[in-house]
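*Asks:* Listed here are the chains, written in short residue letters.
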Amino acid sequence: MSLSRSPSPVPGGGWSSPGLNINTSGRSSPSKAHAESSGTSVMWESARQKRAGDSGYPSFSTQDKGFFTRHIRRLSSSLPRFSSGQNYAEKEKLGRGQWSGPRIPLLGRLRGIVARMGRVMKIRLLVVLLIFLSILLFYTTPLVHYWRRTTWLGGGQKFVIILAANVGGGVTEWKGAREWAIERDSVRNKKKYVARWGYELEIVDMSTKKRYAHEWRESWEKVDFIRTSLRKYPKAEWIWWLDLNTFIMEPTYSLQDHIFNHLDKHVYRDINEYNPLNITHPLTDGYLDDDSRSPVGDGNVNSVNLILPQDCSGFNLGSFFIRRSAWTDRLLDIWWDPVAYEQKHMEWEHKEQDALEQMYTSLPWIRKHTAFLPQRMINSFPTGACSENGNDTRIHYNQDDRDFLVNMAGCEWGRDCWGEMYNFRELSYYLNRNPWERFKEDLITPIWFKITGEKVKL
Amino acid sequence: MHFAYPPRKSSNPPPYLRASKLPGLSLRRSRMKVIALAGLAFVTLLYILTRPSIRHGTYTPHKPSGNPPAVIVTLMEDGKYSKSYLDMIKENRIQYAQKHGYQTFFPQVGEYELKGAPTSWTKVVAVRHALTKYPDAKFFWFLEQNSFIMNPLLKIEDHVMKSSRLEELMIKDHPVVPPDSIIKTFSHLRGQDVDFVLTQDKEGLSAGSFVIRNGDWAKFFLETWFDPLYRSYNFQKAEAHALEHIVQWHPTILARLALVDQRIINSYSKDAKGQAWQPGDIVVRFSDCSASSIGACEAESQRFNSQWRTSFKNV
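Heads up: the sequence lines are chains A and B, in that order. The first sequence: position 22 = 22 (full-length UniProt numbering), numbered continuously. The second sequence: position 107 = 107 (full-length UniProt numbering), numbered continuously.
Hints were generated in silico from the structure; no laboratory data involved. Hints may be right or wrong, so weigh each one.
[Claimed, not checked] Under the rule of at most 25 Å between Cα atoms (straight-line distance), these lysine-lysine pairs were calculated in the PhoX-like manner:
hint, chain 1, residue 1, chain 2, residue 2
1, A, Lys344, B, Lys115
2, B, Lys99, B, Lys313
3, A, Lys191, A, Lys235
4, A, Lys122, B, Lys33
5, B, Lys162, B, Lys63
6, B, Lys63, B, Lys133
7, B, Lys237, A, Lys344
8, A, Lys440, A, Lys457
9, B, Lys133, B, Lys99
[To be verified] Stretches of chain A that chain B covers, calculated by requiring three or more beta carbons in the stretch to come under 8 Å of a beta carbon on chain B:
hint, region
10, 286–296
11, 328–334
[Said to hold, decoys possible] Coverage of chain B stretches by chain A, computed from C-beta distances (three or more under 8 Å per stretch; other residues unrestricted):
hint, region
12, 128–140
13, 219–231
Keep in mind that this is a model prediction, so the values were computed, not measured. Every residue, glycine too, gets a C-beta built ideally from N, C-alpha and C.
Produce the entire structure from the sequences given, and follow the hints as far as they go.
*Replies:* Below, the structure written as structure tokens:
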């Protein structure tokens, strides 16, 4: 008998040598007594196995069973090998290392692959690798953030989100745990969104102050904050005002994709499309020019400076866009006027919102530059708001359509703000699970539930 | 069979491969690569720069071409005055306009729906109407009916609205409503930023004669001035007080306004209410005549009738 290689020790004791396993006695089925009779203290592994399963069947397969078992080595060694034939010195080595192939460590094998590659192929692979790495680097580092921020790349700095926090704080009421929780959730939601898309976030303090109280203009701070923000962020083009009780349900929508890249398709300027206030439109006075009498202004989307949603009872200023322009300066300037206020403050339940409706109705220059967005694009309501006429597909949130933002408008009047906020937060997380979470929760958990009858949280 | 050595190369070297070294072909190859790479880079750059990121065109308002250069708006009040007097007023305006290529616009009181507001509000909507009628005019000069243009030589765009001239004329840091309004006219205002020129008399802002520059601001201003909430407010002097109100409360209006000396565009026939007309002044207004007895304005006009006719003839 010849050994193909030298025997080596194994932890279980004895010699794990292929040659030594072969029954040297010549018998094809070793007898039970064989191990004892050999009289050695070494217990062979094969023998132990054989003794354990004493069932009358041969517990091991003999070496020479079947054609392939017998000939595999010869067959495989005769197969062609893809090695460089030019180098004769190397061929010798390869021939010898044939069987030790799989035992080369991974790094070594890789090195082998690389060595066998041509130079051009190497360069190509390197380029692919570099591209892959840069993409990875781009999306895992703050690089993507800065890309999206830059005005001439992603354009994020053109958008400023103003979030009205601390509403009525300081004077009207002390904030309880729930109010703090609402505020925390809402702010975190906007911060995440802004960090993702590179927009600016301005959190403003709407607490009642004497400055406004004595001038009776408690609700017109909006105007001042918009003005301050325009000054603070000189690159900002659009300001997005958000009330505190809002939640961005789909943080994956960028404002550009969602609205502004195709603004002309999304907005409608003719209020007759949806006109809960029954405002007569367009104006018909003979002294006005054509643009002022046209239902769509000059028809060019670039002249839109104010974008509002309309809920069941008219304009809604819980979420709206206003653009930096001379027009905006004028609007912000005349929004609050003591003469108008003096005459109307008893009727103007919603203060600045009603004032805007009034201006829209009576001033052609405002009308010409105002456009409307379907409510559910930026300002979906939960079922509790505007609920007099039941569910309205133009107004109320629908999770199947993945509405962008929910505004829990009026939840402080007898509804549960924190409850709604919590539910929408969880729904948003649920809807925006990543593929791995979906796999776990939509596939594994139900299967597990069917098998074992218990629900697990992975 | 083993070779101890690699097979020998043939002793006869292959013929020189000229084709592969053809300068034209190889150059073209490398050049093509460079071109392809450059093209790729260019396309990438193009993609980066023209992605549908927020690329807003800017809003460009209609730019008046200056045809006509100016429009004279005079609100005519039929019924209260004799026809000959009104014709004379019109003739005065038309002659002046013809000399400089201007247009005239004579709307009637009662032509516009005011929703119960005093008729003096008509002037605001009349000027707004003129803006609609003459979209390419540069300036609109509202001149009250009871007045004459006395000096045909002065052009509105040079005498008042030229930037350098305006910078000399405008009264800076002056209370808007005399004598003691805390709101004062801006002290750093460039002539080109002024869209609205008017004067003060002894009582306050005088809205009997003013010049306004055509543009978005003018529409904004006139429509705001004409706001139904101002009309319904019962200002004591109707539109005049509404004007004083908005220029004091709204800085976007004040920032476009220049006060000039009264005699520049608004001399009075008597010096009881303001500065009196002197020869050479462009305009004389028969101040306060409409409030006093019927025919007072026509009587007052007699004093200046021959004067304006002679001065117009001499040009």
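*Asks:* All the hints need checking, so say for each whether the structure fits it.
*Replies:* Evaluated hints:
Among the hinted pairs, Lys344 (chain A) with Lys115 (chain B) is consistent with the structure: their alpha-carbon atoms are about 18 Å apart, no more than 25 Å. As the CA atoms of Lys99 (chain B) and Lys313 (chain B) are separated by approximately 11 Å, the hinted pair is consistent with the 25 Å bound. Distance restraint check for Lys191 (chain A) and Lys235 (chain A): the Cα-Cα separation of roughly 19 Å lies within the 25 Å cut-off, and the hinted pair is therefore satisfied. Of the pairs offered as hints, the one joining Lys122 (chain A) and Lys33 (chain B) holds, with about 18 Å between alpha carbons and a cut-off of 25 Å not exceeded.
The hinted pair formed by Lys162 (chain B) and Lys63 (chain B) meets the criterion: a straight-line CA distance of about 17 Å does not exceed 25 Å. At roughly 15 Å between alpha-carbon atoms, Lys63 (chain B) and Lys133 (chain B) fall within 25 Å of each other, so this suggested pair holds. Distance check on the hinted pair: Lys237 (chain B) and Lys344 (chain A) sit about 21 Å apart at the alpha-carbon level, within 25 Å; holds. Straight-line distance between C-alpha atoms of Lys440 (chain A) and Lys457 (chain A) comes to about 9 Å, which keeps the hinted pair within the 25 Å bound.
At most 25 Å may separate the alpha-carbon atoms for a hinted pair to count; Lys133 (chain B) and Lys99 (chain B) meet this at roughly 21 Å. Given a C-beta distance limit of less than 8 Å, the hint that chain B covers the region 286–296 of chain A holds, as 5 residues qualify and 3 suffice. With 4 residues carrying a beta carbon less than 8 Å from a beta carbon of chain B, the region 328–334 of chain A meets the three-residue requirement, and the given coverage holds. With 5 residues having a Cβ less than 8 Å from any Cβ of chain A, the region 128–140 of chain B passes the three-residue criterion, so the hint holds.
Counting residues of the region 219–231 of chain B whose CB falls under 8 Å from any CB of chain A gives 8; the rule of at least 3 is met.
In this structure, every one of the numbered hints holds.
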